[in-house]
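Throw the hints in and build the complete structure from the sequences for me.
Chains A and B are the protein sequences, given in the same order. When you number the first sequence by the working numbering, it's gap-free, plus one each residue, and the end is 271. When you number the second sequence by the working numbering, it's gap-free, plus one each residue, and the end is 1271.
No lab work stands behind these hints, which were simulated from the structure alone. A portion of the hints provided could be inaccurate.
As the list claims (entries may be wrong) - Derived DSS-like pairs (lysine-lysine); straight-line CA-CA distance at most 27 Å:
1) B:1096 <-> A:269
2) B:1190 <-> A:260
3) B:1097 <-> A:118
4) B:1176 <-> B:1097
5) A:118 <-> B:1192
6) B:1014 <-> B:1030
7) B:1030 <-> B:1188
8) B:1035 <-> B:1013
9) B:1269 <-> A:176
10) A:269 <-> B:1031
11) A:38 <-> B:1038
12) B:1236 <-> B:1035
13) B:1269 <-> B:1013
14) B:1220 <-> B:1010
15) A:267 <-> B:1190
16) B:1013 <-> B:1143
17) A:192 <-> A:236
18) A:113 <-> A:224
19) A:113 <-> B:1118
20) B:1143 <-> A:188
21) B:1096 <-> A:118
22) B:1195 <-> A:267
23) B:1236 <-> B:1031
Source: prediction; values computed, not measured.
Number of protein chains: 2
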Amino acid sequence: MNLSKRFLVKPGKKVRLKDRDPEDSAGYGKKDRAKVEKLTEQNIRRLDELQYLLYAENRRSLLIVLQAMDAAGKDGTIRHVIRGLNPQGCTVTSFKKPSDEELDHDFLWRIHKAVPNKGDIGIFNRSHYEDVLVVRVHELVPKDVWAARYEQINRFEELLAENNVVIVKFFLHISKDEQLERFQDRLKDKDKHWKISPSDFGERKYWKEYQRAYEDALEKCSTKHAPWYVIPSNRKWFRNLAVSQILVETLESLQMSFPKPAFDISKIKVE
Amino acid sequence: MNLSKRFLVKPGKKVRLKDRDPEDSAGYGKKDRAKVEKLTEQNIRRLDELQYLLYAENRRSLLIVLQAMDAAGKDGTIRHVIRGLNPQGCTVTSFKKPSDEELDHDFLWRIHKAVPNKGDIGIFNRSHYEDVLVVRVHELVPKDVWAARYEQINRFEELLAENNVVIVKFFLHISKDEQLERFQDRLKDKDKHWKISPSDFGERKYWKEYQRAYEDALEKCSTKHAPWYVIPSNRKWFRNLAVSQILVETLESLQMSFPKPAFDISKIKVE
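Pasting the structure below:
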C-alpha cells in the first residue's frame, strides 16, 4: 500500500484535521501489531541501504521535519525509526525557544544553519513551523508578521529543493484524549518525572487554536517540492510504520546509484 | 572481564605498539564469535539505558575520540556500536582536511566548537590528534609547533573534563597486513569503489612513521581525565565488543540517577 499518497496533504487542498482520524491505521487492527512491527523493521533495514546510497552519491540530502502537539511522539519516532540509521551522516536538531543570538536574526537563520550536508539526513524536531504555530497562538509577534511567513517558508523550502535538499514534513496527529492519557502516564511513571514541565499541560487550553494554526500551515505550505504528511499517531506502532514507509518511498523515488570512481580501478596497486 | 583495565594506556607509561597484538581477543576464539556478538548486543542495549540517564541528568556529556590508520574500522565502529544509541542526543563529527576558515584559527578551535552539549554523546571520527599525526608525518608545520601540541592538548582536555565532559579515546590498532587485505577487498567490491581514493594507499609508505607518531600521542596524552585505549582491531567482532564494553564501564562508573523534579508532582492536575 502506498502510504505517501494516503497521508499526503495535496497542494492547494483545504485541510480539516477533524476529518482525519488519528486512530486510522490503514486497515491494520490491534491484532496485526506484530505484523506491522515486522514491516517497520523491514522498512528500517531498507532505509539503511538507501542512506548508504545517499551518502555514497554525496549529491543530495534528506530533510525530515517533525511537528506535533506535545506527547504526540516526536521523540518516540526518532527513537524507533531514525535510530536504525547510521549516526554518521545523520543529525537531529531540536529547535527550542530561540536564543538571544537567534532572535537577533530572521526566523529562518537558525534553520538554514542546520540544513543537512550533502549525502546526509537531517531531522528537525520542531522547526521553522513553530514560528507560525506557538508564535501565532500566543501572539508573540503581530499578525502581519506571522501571516507573511507562510509564503516566506515556501520560498525558502523551494530554494533548498532546487539545491538538492529533499524535504519531507510529518505532522504527527493525535487526539486530545490521547494526549491526556499520555500525560497521565507520565505522571504515574517515576522515571519520567524529570521530563515533566507543568507549562506543557497548560498548553492544552489552547488545543483548538493550535489545531487551527496547524491546519493553516499544512494547507498553505504543502507543496510539490516540500510535501506535508498527516500521520495518524494515536497508535504508536502504526505511526512508526507510516513514517518509515513514506521515507522509503521518498528515497526510492530518487533512483539513486553508486557513483563511478573518477579513475581506473584496475590500475591501482597496493603493496 | 574488565576491558577498560586491559586496554588502557597507563598514564606516564611507555607505549610500544609492537608489544600490543592487534589479533588479541581477550581469550575469545573464532568459535566464540556468536557469543561475543551477543555480548556486544547486550552492551549496546545497556548503553541505550545509560544514554537515557545521561540525557535526563543533563549535567555531563560523553566525548568519544576515534583514531586509527585507514581501513582500521572507524566507520565500522560507528556503524555497529554507536547506531544502537538514540540519534537524538548523539552527534558524529568527522574532521577532514581543515577549511580555510579553520586554518585561520588555532588547531583546537574547530574541535572546541564540536564538543557535545550537556546530556549528549559526541563522537569524533578523527580529531585534534591528526595535528600530531598526519601533520607530523608530512611535516605540515615545523617540529617546534607540533611538538608543543601534546601539552596543549592535555590542557585543553583537562579544561573539558573539569567542565563535566567525560572523555574516552580509542586507537583502533590493526596490523599492516590486515590493512592490505582490507584495501584489496575494497578493490574487489564494486559497491565500495566510490570509497577509494588512490592517495589512501600511498599513505602505507609511511606506516612506520605513523606508528611512531601514534606511540608518542598515546604516551604523552593518556591522562587520568582523558585516557587512551588501544583496541586490538584485526577482528572486527572483538573490536566492537571491546569498544562497547569500555563505554558501558565508563558510563556506569558515573553512577548516574534520574534527577528529581523541581516541583510537587502530586499537585499537578491535567484536564
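Each hint, compared with the structure:
1. B:1096 <-> A:269: 25 Å, holds
2. B:1190 <-> A:260: Cα-Cα ~9 Å, so holds.
3. B:1097 <-> A:118: Holds, at about 17 Å.
4. B:1176 <-> B:1097: Measuring from Cα to Cα gives roughly 24 Å; hence the hint holds.
5. A:118 <-> B:1192: 19 Å, holds
6. B:1014 <-> B:1030: Not satisfied, since the Cα-Cα distance of roughly 31 Å exceeds 27 Å.
7. B:1030 <-> B:1188: 24 Å, holds
8. B:1035 <-> B:1013: 33 Å, violated
9. B:1269 <-> A:176: Holds, because 15 Å separates the two Cα atoms, which is no more than 27 Å.
10. A:269 <-> B:1031: 34 Å, violated
11. A:38 <-> B:1038: 21 Å, holds
12. B:1236 <-> B:1035: Within the cut-off at roughly 14 Å; holds.
13. B:1269 <-> B:1013: 60 Å, violated
14. B:1220 <-> B:1010: Holds. Residue 1220 (chain B) to residue 1010 (chain B) sits at ~10 Å (cutoff 27 Å).
15. A:267 <-> B:1190: 15 Å, holds
16. B:1013 <-> B:1143: Holds, at roughly 23 Å.
17. A:192 <-> A:236: 18 Å, holds
18. A:113 <-> A:224: Holds, at roughly 23 Å.
19. A:113 <-> B:1118: Holds - the C-alpha atoms of residue 1118 (chain B) and residue 113 (chain A) are around 21 Å apart, at most 27 Å.
20. B:1143 <-> A:188: 62 Å, violated
21. B:1096 <-> A:118: Measuring from Cα to Cα gives roughly 15 Å; hence the hint holds.
22. B:1195 <-> A:267: Distance of about 16 Å is within 27 Å: holds.
23. B:1236 <-> B:1031: Measuring from Cα to Cα gives roughly 14 Å; hence the hint holds.
Comparing the model with each numbered hint stated earlier shows that hints 6, 8, 10, 13, 20 do not hold.
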